[in-house]
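Chemist: Residue numbers (our numbering): 4 to 328.
Honestly, the hints are just simulated from the structure, not real lab data.
Careful, some of the hints might be misleading.
To be verified - Calculated lysine-lysine pairs in the DSS-like style (CA-CA distance at most 30 Å, straight line):
{"hint": "1", "residue 1": "Lys42", "residue 2": "Lys62"}
{"hint": "2", "residue 1": "Lys42", "residue 2": "Lys190"}
{"hint": "3", "residue 1": "Lys279", "residue 2": "Lys312"}
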Amino acid sequence: MMAMKKNEEGYLLKKYKVAICDEEVDFAFSLMNYMNGEKEYPCSGVAFTNEEHLFHYIKEQKVDLILLGEQMEVELEGDTKILWLTEEALKIQTGSVYKYQSGEMLLKNILDAIEEGRERRLSVGRQKDCLIYAVYSPIGRCGKTNLARGICANYMGRSLYIGFEEYGSFEDETGISQELLYYMKNKDEGFHVRLKQFSIQEGQSYLVPSPRCYLDLRMLEREDIEWLLEQLKEEGTYERIVFDIGTGSLFDFSIFSLFDRIFIPTLEGETANRKKENFLKFIREQEEYVWEKKLYFLQVPNTNYNSLKMEEYVSELFREEKAVF
4 MMAMKKNEEG YLLKKYKVAI CDEEVDFAFS LMNYMNGEKE YPCSGVAFTN
54 EEHLFHYIKE QKVDLILLGE QMEVELEGDT KILWLTEEAL KIQTGSVYKY
104 QSGEMLLKNI LDAIEEGRER RLSVGRQKDC LIYAVYSPIG RCGKTNLARG
154 ICANYMGRSL YIGFEEYGSF EDETGISQEL LYYMKNKDEG FHVRLKQFSI
204 QEGQSYLVPS PRCYLDLRML EREDIEWLLE QLKEEGTYER IVFDIGTGSL
254 FDFSIFSLFD RIFIPTLEGE TANRKKENFL KFIREQEEYV WEKKLYFLQV
304 PNTNYNSLKM EEYVSELFRE EKAVF
């Protein structure tokens, strides 16, 4: 496969085709001429005076992006990306761009939208390679967080740890976890643009700390978690995503059905066994309890997540996993 080079701006050196249809006809044709005359930006434009002409054109010709005036109405088929032209800078939202900015900035925004959409489409083929785990336990001091982070360390640079604990084991100094919760509650597609900024790199793992106040987690709903998982799978950046879930921050047991595996660290002894049995009894009484086969009880060694002992334990765990699951 031929590798595509990038120019100084970082855009792939491939000609993208942009269809422009705006209620201001002079604007549409001026932008088309500017776009076609700019050699530094790899895109060409074609302008239309109304939606009907645009519709007939894209039925016969493939375009990478459709730039539409905010008053336009057109029903489109397929997955061609649309970017709306907004006349008021304060009304810019995800999927729109301010039309009266400089031509250079407008072209940059257009190309960013095209290549963002391209990366997301390429990532769909990688969704099946992403597994999402929960690490949870009704028993304290059992190595839950060390296991969660140890799993992430096992997938060097291709894993994401998400803290859902009552009191996280490391500080969220940037407030990224609160911002992530905002995107989850609002189902904001801008999440994809900000994804890399949500995580902290530590060693060879990427981490999202637990929120400063675990009560914020209890305001989430199952559909919020489901949305986040869909976005992460669509993004395709990580092979393994691990949720470290605390007992006090668990708001709905039905979310466990969303995970591929649920690892439950436990301990030896009468008290730990009683808690385990009470846990199983409780979840079997839930109406939507259909995920027992995903549960995997285990005893985690008393060691730090980045120790050689934990590395060996996790490696053996996943060798067993291939046989068990």
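Chemist: Indicate, hint by hint, whether the structure satisfies it.
Modeler: Hint check results:
1. Lys42 <-> Lys62: At roughly 28 Å apart (the allowed maximum being 30 Å), Lys62 and Lys42 satisfy the hint.
2. Lys42 <-> Lys190: Violated, because 37 Å separates the two Cα atoms, which is more than 30 Å.
3. Lys279 <-> Lys312: The hint holds at about 25 Å.
Violated hints amount to a single one, hint 2; each of the other numbered hints is respected by the structure.
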